[in-house]
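Q: Chains as they are written, first to last, in this note's numbering: chain A, 117 to 245; chain B, 2 to 442.
Wrong hints could be hidden among the right ones.
[Unchecked claim] Computed cross-link-like contacts, DSSO-like style, restricted to lysine-lysine with a CA-CA straight-line distance of at most 30 Å:
| # | chain 1 | residue 1 | chain 2 | residue 2 |
| --- | --- | --- | --- | --- |
| 1 | B | Lys-102 | B | Lys-180 |
| 2 | B | Lys-317 | A | Lys-236 |
| 3 | B | Lys-316 | B | Lys-194 |
| 4 | A | Lys-143 | B | Lys-142 |
| 5 | B | Lys-220 | A | Lys-235 |
| 6 | A | Lys-236 | A | Lys-198 |
| 7 | B | Lys-220 | B | Lys-425 |
| 8 | A | Lys-235 | B | Lys-126 |
| 9 | B | Lys-164 | B | Lys-92 |
| 10 | B | Lys-392 | B | Lys-332 |
| 11 | B | Lys-425 | A | Lys-236 |
| 12 | B | Lys-392 | B | Lys-434 |
| 13 | B | Lys-258 | A | Lys-143 |
| 14 | B | Lys-434 | A | Lys-236 |
| 15 | A | Lys-236 | B | Lys-383 |
| 16 | A | Lys-236 | B | Lys-180 |
| 17 | B | Lys-142 | B | Lys-92 |
| 18 | B | Lys-294 | A | Lys-235 |
| 19 | B | Lys-220 | B | Lys-256 |
| 20 | B | Lys-30 | B | Lys-6 |
| 21 | B | Lys-258 | A | Lys-198 |
| 22 | B | Lys-329 | B | Lys-351 |
| 23 | B | Lys-336 | B | Lys-263 |
| 24 | A | Lys-124 | A | Lys-186 |
| 25 | B | Lys-220 | B | Lys-336 |
| 26 | B | Lys-383 | A | Lys-235 |
| 27 | B | Lys-180 | B | Lys-263 |
| 28 | B | Lys-322 | B | Lys-416 |
| 29 | B | Lys-220 | B | Lys-332 |
| 30 | B | Lys-316 | B | Lys-263 |
| 31 | B | Lys-392 | B | Lys-416 |
| 32 | B | Lys-258 | A | Lys-236 |
| 33 | A | Lys-235 | B | Lys-416 |
| 34 | B | Lys-294 | A | Lys-198 |
| 35 | B | Lys-316 | B | Lys-434 |
| 36 | B | Lys-332 | B | Lys-317 |
| 37 | A | Lys-235 | B | Lys-258 |
| 38 | B | Lys-256 | A | Lys-143 |
| 39 | B | Lys-316 | B | Lys-383 |
These are calculated hints, taken from the structure and not from any lab test.
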Amino acid sequence: MTDENKKKILIVDDDSNLNTVLVDKLKFSGFDAVGAPDGEEGLKKALELHPDVILLDLVMPKMDGLEMLKKLREDEWGKEAKVIVLTLLEETDYIAKTMESGIYGYIIKTEYSLNGILKKVEEMVAGAK
Amino acid sequence: MPRIKLYIKHLFGTFIFFALLVIALFESKNYIQDILANPENYFKSDLLLPDLHFAIVFILLATIVVLITYIFYLILTLNTRSELAVWNATKSLALSKEQFKRLYESAPVPYLLLDKNGNIRDPNKAALRFFEVVPEEIADKDFFSLFAPESAAESDKFHRYYKTGMPINRQEVQMMTKKNGARWVLLSIFEMKNPGSFSSTGLAVIFDITEQKLLDQTKTEFVSLASHQLRTPLATTKWFTEMLASGDLGSLTDKQKEYVDKLGTANEEMINLVDVLLNVSRIEMGKLSVESKPTNVEELSESVLSELSLQIDRKKIRIDKRYDGLLKNVKSDPKLLRIVIQNLIGNAVKYTSDDGEISIAFRDFGSEKQIVISDNGVGIPKAEQDKVFTKLFRAGNVRGLSGKDGTGLGLYLVKSVVDALGGKISFVSEENKGSTFTVTF
């Protein structure tokens with residue numbers, strides 16, 4: 117499979133450990149995974165690469181996930197982009213707000229295994245066709 | 002001294018009538034003797050009167066006279082006696098009024114009497130101390146204007162409640178004091194109907210809970226923050242361990258795999274512990290909201306069992322499922338109900354020895370549903386059974402048992418959640434025979 121045929125996944129998370137392991141897992145599983153450490157860079161990469169799925173953390177420095185999601189939805193391409201929110205259990209207020217921006221799923225970090233995330237990403241990519 | 006005057010009047014009346022009685026008897030004694038001796042002088046014929054002994058007639062007459070005199074006495078002293086009763090009643094009333102007033106004035110709890118519009122009429126000393134004011138500063142002020150700006154909405158609401166006579170019972174609001182700023186209080190206002198009139202007043206009772214509130218808040222915030230901060234590294238460990246175990250980074254030796262798996266299990270336990278801590282702090286913050294929707298209890302139970310399958314298999318515990326196709330569609334909060342089932346089955350697994358048995362039964366009585374979870378494990382000692390649902394309870398017979406490292410929060414959490422769901426929980430247990438927990442909702 118060439119790089120062009122691989123599905124692109126963007127991971128936006130300020131925790132470099134989580135970011136690394138997600139990028140690695142997705143790469144091993146045949147995706148073209150790219151990481152971004154905050155909302156600002158996440159938004160830039162999203163608009164530049166047009167990834168098939170974005171995994172988005174909510175609480176981040178510079179620009180948080182909510183802000184990035186809002187800006188993303190203002191873009192012509194970004195309106196339809198598939199976003200899965202990565203979250204910790206107690207950010208329920210945030211989750212309620214992301215609902216308004218039309219997101220495609222949540223992953224509660226401590227409850228999902230890497231395989232579980234992989235499955236969710238694969239489902240979403242398959243749904244794109 | 003009106004009382005002495007009344008007694009003198011009373012005694013005087015009594016004396017007069019008894020004196021009259023004695024005089025009457027003495028005076029009539031001679032006549033009676035004469036009548037008995039010579040009845041023909043009085044009755045014109047010889048009646049049988051002489052046969053009667055004088056003493057008997059005398060006693061009869063005396064009795065009649067005494068009775069009549071007593072009646073006269075009662076009638077004539079009626080006024081005096083009623084005056085005396087009224088006087089006594091008035092005095093004890095005045096005394097109890099005085100006692101009540103003193104009690105009101107110096108009670109350690111702030112009390113304020115309000116008129117029908119909610120203006121302050123009579124604050125007690127504790128109320129003045131609470132608001133840090135002198136009576137003049139607070140007199141005639143609208144009580145509801147003393148609410149802190151943070152409680153402005155409640156101020157309007159409760160003022161409306163008060164005017165329409167709706168009860169206000171132990172409501173948490175913030176009230177403004179002069180020097181100490183806003184303070185959290187439990188506010189109750191009781192309506193006091195004045196007998197025989199349409200006007201009514203209110204008694205406001207304030208209970209200062211600022212200290213408890215602060216302490217609770219600090220503790221809860223700490224737990225919440227700690228749980229949050231703990232989660233990120235826990236997620237990292239979880240995924241890194243999984244990555245290692247998956248073999249994506251190169252295959253592991255059996256021994257290495259075993260170690261990595263143990264790392265994963267320990268991390269899962271830590272995640273559960275943080276979840277419990279967070280849930281407990283959430284309950285204590287009152288942030289636990291119930292979202293009722295159609296819930297499949299069988300599905301919840303199955304998902305909990307699959308989560309625990311590792312431990313169940315390892316201990317070779319037999320699970321006896323008696324779902325009977327019930328409770329597939331009940332109205333409840335699946336997330337909260339899962340916490341209940343997870344903890345109860347989790348405990349059953351934890352406290353049942355190898356080759357034990359756990360039964361999970363559902364019952365449907367129409368409006369009432371039951372989940373019954375039994376095990377034949379270590380049980381709970383009789384002496385400790387009334388403390389089972391208290392926070393940090395750990396039964397004496399499991400403390401120190403290897404591999405039975407509970408948090409002491411599980412059943413406390415279960416009870417709190419069942420309460421929040423409007424249900425009930427009960428259990429029967431015997432040491433070394435097992436426990437049966439029944440949740441009714």
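Q: Is it true that the CA of Lys-425/B sits at most 30 Å from the CA of Lys-236/A?
A: Since the Cα atoms of Lys-425/B and Lys-236/A sit roughly 38 Å apart, the hinted pair is violated (cutoff 30 Å).
Q: Starting from Lys-180/B, check that the Cα of Lys-263/B is at most 30 Å away, please.
A: violated, 58 Å
Q: Can you confirm whether the C-alpha distance between Lys-316/B and Lys-263/B stays at or below 30 Å?
A: Judged against 30 Å, a Cα distance of about 17 Å means the pair holds.
Q: Starting from Lys-256/B, check that the Cα of Lys-143/A is at most 30 Å away, please.
A: holds, 27 Å
Q: Take the C-alpha atoms of Lys-322/B and Lys-416/B, compute the straight-line distance between them, and say whether it is at most 30 Å.
A: With a Cα-Cα distance of about 23 Å, the restraint between Lys-322/B and Lys-416/B holds, given a limit of 30 Å.
Q: Straight-line Cα separation of Lys-235/A and Lys-126/B no greater than 30 Å?
A: With a Cα-Cα distance of about 68 Å, the restraint between Lys-235/A and Lys-126/B is violated, given a limit of 30 Å.
Q: Are the Cα atoms of Lys-294/B and Lys-235/A separated by 30 Å or less?
A: holds, 27 Å
Q: Has the given pair, Lys-317/B with Lys-236/A, been kept, meaning a C-alpha gap of at most 30 Å?
A: Since the Cα atoms of Lys-317/B and Lys-236/A sit roughly 33 Å apart, the hinted pair is violated (cutoff 30 Å).
Q: Between Lys-336/B and Lys-263/B, does the CA-CA distance stay at or below 30 Å?
A: holds, 28 Å
Q: Does the structure keep Lys-220/B and Lys-425/B at a Cα separation of 30 Å or less?
A: Satisfied, since the Cα-Cα distance of roughly 28 Å is no more than 30 Å.
Q: Taking 30 Å as the top limit, are the C-alpha atoms of Lys-434/B and Lys-236/A close enough?
A: Violated, at about 45 Å.
Q: Taken at face value, is the distance from the CA of Lys-256/B to the CA of Lys-220/B at most 30 Å?
A: violated, 42 Å
Hints 2, 3, 4, 5, 8, 9, 11, 14, 15, 16, 17, 19, 20, 21, 26, 27, 29, 33 and 36, counting from the list given before, are not met by this structure.
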